[in-house]
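S.K.: Residues per chain are reported as follows:
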Amino acid sequence: MDPTFPITLTVNGTEMVREVPVRQTLADFLRQTLGLTATHVGCEHGVCGACTVRIDGRIARACLTFAIQCDGAAIETLEGMAESGKIADLQQAFHRRNALQCGFCTSGMLVTAAQLLEENPRPSREEIREIISGNYCRCTGYHAIVDAVEETAEARAKSEPEGAR
Amino acid sequence: MKASAFDYARVESLEEVFALFAEYGDEARIIAGGQTLVPAMAMRVAAPALLIDISRLEALQGIARNGDRLRIGAFTRYVELQHSPLVAEAAPLLHRAIPLIAHEAIRSRGTFGGSLANADPASEMPACALALEAVMVIANAEGERRVAAADFFQGLYQTALEPGDVLVAVEIPVAQDGMQGVIEELVRRQGDYAMVGLAATGKAANGMLSGPRFVFFGVGDRPVLATKAAEALADGPISPEHIAEAQAALAQDFTPLGDIHCSPATKAHLARVLLGRVVSRLLEHR
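Chains A and B, in that order, give the protein sequences. Using this note's numbering, the letters of the first sequence map in sequence onto residues 1256 to 1420. Using this note's numbering, the letters of the second sequence map in sequence onto residues 29 to 314.
A few of these clues could be false.
Quick list of the computed label-pair ranges, beta carbon to beta carbon [as the list claims (entries may be wrong)]: (1) T1269(A) - T283(B): 50 to 60 Å; (2) K1413(A) - P201(B): 46 to 56 Å; (3) Y52(B) - V1272(A): 24 to 34 Å.
Hints are computed from structural coordinates only; laboratory data are not their basis. The beta carbon of each residue, even a glycine, is placed where N, CA and C say it ideally should be.
Sequences are here, hints too, so could you generate the full structure?
M.R.: Now the structure itself:
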């Protein structure tokens, strides 16, 4: 039997205590234990970016962190971000721009792009490409994804008065 | 792609680490950011019996300046290095190197000390440590010792770390007036390991470079200091001829090892290209 340990963590704003097998990755914990399946598991060795979540506010690979390392951490998954409504415009831009086909990479892309837009409200296309370089998409050729992120940044800039961000 | 079973201990003191090493020997592995170790475990290239989580070890945290030394705790994550004004001022090379490491979602977790202890010859941090003449602060049950970067990197994934050792911190001489740091690498895609990379320090004035240190990575089993190339730039203002001489002198400094992407001849060519670019950037203070 795998050894297990109790961890206390916050997932999408809800604090919880769970007993986790020590070798369970954060990605498997989210999907299998919590049923939060927006976090996708692709390569399972840190290359594809499909499992991107935010740990204590920063994007990270959920497959490269064991759940047990997240004791005390605040985790945010796409479910939390989508349900809060704060990335509704980004999601709609992905839809409008055809920034997804099969959708496998999309949650990782959205989580990644959301951080970029928070920290750098008017990124250049080069900066968008740089941050999504850690997320593989095998369908779109990336241009439409860059378009969607750029369009969201432009729309947010227009809708907010100068200096609001 | 699942790690084999292991036990886990999150430690809060170095003494706990030493005690666990005494009990488990080389069956125990330290996990820092885990961005290299976890994939190795997923692929079962690594299968430690015990993971020692050092993320809450106070002794390994923090960035501080003590006089002419910058001390960086081994557990400092890349993202912290990147956003530290102290690092940007005291070690501009390091500040510029961080964005070249993998991707944002890796840099949020990976640590400075983890990369140094792993000693991947294609990665940026060991080369920067050598260029910056960093000193590794290492502790074990017997006490603490310091090892210069030049003696620390000993081969492919081989360092001066002995069983039972913990890399605690890295001390870097603070960049003195005008000392610049520049890094360039050639990669197939953003975030990949460099085919060839070059981390350099030096002070530019009146078209001359004083005390340049050129450290290549991705060319051998460890970061390589190119002393002959530096000597070729020693006399007088640097002309295109000087740069060509320095590029030619690289052949005396090292013969690159080939890999699946590049032959030794290609790497030697790329190294010459990078040297030209880096010398120009150092002279232009950027």
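S.K.: It remains to establish, for every hint, whether it holds in the given structure.
M.R.: Verification of the hints:
{"no.": "1", "hint": "T1269(A) - T283(B): 50 to 60 Å", "result": "58 Å, holds"}
{"no.": "2", "hint": "K1413(A) - P201(B): 46 to 56 Å", "result": "49 Å, holds"}
{"no.": "3", "hint": "Y52(B) - V1272(A): 24 to 34 Å", "result": "28 Å, holds"}
In terms of the numbered hints stated before, the structure departs from none.
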